[in-house]
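Could you put the whole structure together from the sequences, leaning on the hints where they help?
There are 2 protein chains.
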Amino acid sequence: MLIDGLQCGHFTREVFAELRRADVGAVTVTCGFWEGTVESLDALARWRDLVAANSDLVAIATTAEEIVATAAAGRTAIVLGYQNSNLLEGRIRFVEIFAELGVRVIQLTYNNQNELGGSCYEPNDAGLARFGREVILEMNRAGILVDLSHVGNRTTLDAIECSQKPVAVTHANPDSLFQHKRNKTDDVLKALAERGGVLGCATYRNITGDHYSSSLRSWCEMVAKTVDIIGIDHVAIGTDRSHNFTKPDYDWMRMGRWTRSVDFGAGSAARPGKAPPPSWFTEVCHLGLLPGGLRVVGFAPDEVEKITSGNWLRLYSEVFASGRSAVPAKAEFVQADPVLALS
Amino acid sequence: MLIDGLQCGHFTREVFAELRRADVGAVTVTCGFWEGTVESLDALARWRDLVAANSDLVAIATTAEEIVATAAAGRTAIVLGYQNSNLLEGRIRFVEIFAELGVRVIQLTYNNQNELGGSCYEPNDAGLARFGREVILEMNRAGILVDLSHVGNRTTLDAIECSQKPVAVTHANPDSLFQHKRNKTDDVLKALAERGGVLGCATYRNITGDHYSSSLRSWCEMVAKTVDIIGIDHVAIGTDRSHNFTKPDYDWMRMGRWTRSVDFGAGSAARPGKAPPPSWFTEVCHLGLLPGGLRVVGFAPDEVEKITSGNWLRLYSEVFASGRSAVPAKAEFVQADPVLALS
Numbered sequence: 001m002l003i004d005g006l007q008c009g010h011f012t013r014e015v016f017a018e019l020r021r022a023d024v025g026a027v028t029v030t031c032g033f034w035e036g037t038v039e040s041l042d043a044l045a046r047w048r049d050l051v052a053a054n055s056d057l058v059a060i061a062t063t064a065e066e067i068v069a070t071a072a073a074g075r076t077a078i079v080l081g082y083q084n085s086n087l088l089e090g091r092i093r094f095v096e097i098f099a100e101l102g103v104r105v106i107q108l109t110y111n112n113q114n115e116l117g118g119s120c121y122e123p124n125d126a127g128l129a130r131f132g133r134e135v136i137l138e139m140n141r142a143g144i145l146v147d148l149s150h151v152g153n154r155t156t157l158d159a160i161e162c163s164q165k166p167v168a169v170t171h172a173n174p175d176s177l178f179q180h181k182r183n184k185t186d187d188v189l190k191a192l193a194e195r196g197g198v199l200g201c202a203t204y205r206n207i208t209g210d211h212y213s214s215s216l217r218s219w220c221e222m223v224a225k226t227v228d229i230i231g232i233d234h235v236a237i238g239t240d241r242s243h244n245f246t247k248p249d250y251d252w253m254r255m256g257r258w259t260r261s262v263d264f265g266a267g268s269a270a271r272p273g274k275a276p277p278p279s280w281f282t283e284v285c286h287l288g289l290l291p292g293g294l295r296v297v298g299f300a301p302d303e304v305e306k307i308t309s310g311n312w313l314r315l316y317s318e319v320f321a322s323g324r325s326a327v328p329a330k331a332e333f334v335q336a337d338p339v340l341a342l343s
Numbered sequence: 001m002l003i004d005g006l007q008c009g010h011f012t013r014e015v016f017a018e019l020r021r022a023d024v025g026a027v028t029v030t031c032g033f034w035e036g037t038v039e040s041l042d043a044l045a046r047w048r049d050l051v052a053a054n055s056d057l058v059a060i061a062t063t064a065e066e067i068v069a070t071a072a073a074g075r076t077a078i079v080l081g082y083q084n085s086n087l088l089e090g091r092i093r094f095v096e097i098f099a100e101l102g103v104r105v106i107q108l109t110y111n112n113q114n115e116l117g118g119s120c121y122e123p124n125d126a127g128l129a130r131f132g133r134e135v136i137l138e139m140n141r142a143g144i145l146v147d148l149s150h151v152g153n154r155t156t157l158d159a160i161e162c163s164q165k166p167v168a169v170t171h172a173n174p175d176s177l178f179q180h181k182r183n184k185t186d187d188v189l190k191a192l193a194e195r196g197g198v199l200g201c202a203t204y205r206n207i208t209g210d211h212y213s214s215s216l217r218s219w220c221e222m223v224a225k226t227v228d229i230i231g232i233d234h235v236a237i238g239t240d241r242s243h244n245f246t247k248p249d250y251d252w253m254r255m256g257r258w259t260r261s262v263d264f265g266a267g268s269a270a271r272p273g274k275a276p277p278p279s280w281f282t283e284v285c286h287l288g289l290l291p292g293g294l295r296v297v298g299f300a301p302d303e304v305e306k307i308t309s310g311n312w313l314r315l316y317s318e319v320f321a322s323g324r325s326a327v328p329a330k331a332e333f334v335q336a337d338p339v340l341a342l343s
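Protein chains in written order, with our numbering: chain E, 1 to 343; chain S, 1 to 343.
Hints in this document: simulated from the structure, not taken from any laboratory.
There is no bait here: all hints are sound.
With the C-beta cut set under 7 Å, the calculated list includes, among others, these residues of chain S facing chain E:
1) 37
2) 38
3) 41
4) 45
Okay, the calculated bits of chain E under chain S, using three or more residues with CB under 8 Å as the criterion:
5) 37-51
6) 84-94
A quick note: this is a predicted structure, and the numbers were derived from the prediction, not measured.
Positions of the beta carbon are idealized from the N, C-alpha and C atoms, including for glycine.
So, in structure tokens, the structure goes:
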């Protein structure tokens, strides 16, 4: 089975069927980019309906064990994730609440600086902010994976150091292989690996470049070079594949409500809209070609297994909690809130 | 042990200690009156902190079994409730989400008409609205008790008929014993009882009247007359006691954000602020006098047990679900939402 650390877009029954065809055992989906608490709960509710309506193909999973069991039963495990922390609306206590509702991955920032830290697209990155530090420790406690994709390099380094559990860059590539603000420099990737973290290599053409998108072999060679940089135990797959995206989707993803101007995100004026998929990955089910491609560029079977699923599973089992029981009651005394039930 | 079906206000360690002194095994607390989703989650989070900080005295309970076990361990079970449905912000799917987070009681309306139905203070009550019907069935499914206190009579009757599980009027008295908009007419109370529902008799002076507030014996006589109307299996206690309330609290409770004028709620121009507690119930721990008082007015020990805890426990065991596992996945196919993860 294969685990994809990040996809986004409009999932449909057809997409789920394609994932099954590719033997994808788990995929982290994007439940939101800019949405606040209420809209994020809406998205969670829609995902529950969508999964319930396709329960022969998919199931929501919240632990590594559930992922393994779901895949063994011939279904794809859905890991609920957000590509931003707006769902918290500044509330440290909402981390636990979203964890209880099944969320397992939260990216600290999307393309813009927020209360937690700096983004890869900001001209300056002041590093992990005070609230970001609080949220990371709370995510550690509640069993949510810290995702540092789209996060600025300085904040990324701070977050790696701050977190008491290993963290992830679920969808990016080494900047030394394809220079792009979204990609991570070698020093960042090495720090990530040293603390047990995992990088999900992306197939998204805007951050992969035309060369490594030109064939299955060339993409797998990029993975091999990434392994040369941070080691076989820290490289996995996070395609950043978006399903059924059209212009309004890209506009929302890139501009949200934050600008009246045009922003191209990972794209550019020269390629403003949808980037063409890699030549070898025109259909979602082509993901199933990856294990073979990794073998061709020289990986041994056990190495292929680590890249395609084992490294994510190891990380998930270290990070994901199994729900409410894993969230301990606070021992310290808390003063009764003066506006309890009223403000 | 004693179960109080409704209290509100600012709970503190001192209040919890008083509840223990009175052998209160469970109390439904008011987590909100007018608050929307985010503020309601804030209140939930504050309650978790408050309970965690006083875990030697209290614990949050979500099933009848948990209540019994908590009381047996010498602690008071906190049942999380809201006196309005604003926490849903119009979302049917948020019922399940709040149920998973531990909420077990939701009152359909507070003092004003809303999308669910009419309130007891409105000049006209159009009955249970379309969304109200949806929410009741969803509450039945998710294991949340429908509370019809403060709800208009016509909506109350509709809700009793609509609900597939017995419902409650957690804090009110018979209108035939003390006439007040907040109290329920005999026809409503009989319909409630016929469907297995429970009325929690209130001690709040504004809806109890001076006579039944004048002594423990007179209040217990009111309970006896209530039993004469709807039977021993349908009468319980719901004091409507508010802790540490001051003028800003009453103002919020009564005016919220809905008026620039003055509203007295259950009070009046003649008694605009806090109503004096019953003469026998000046301290919270006086609740412990109730079993004795009920014996004095002629109730047998098994009847006292029903009024003070058994009827609530029976209702709770019929209604409360034990969490996520009790919420079945929907069988019918749901079309993928066109704005999934984006709107």
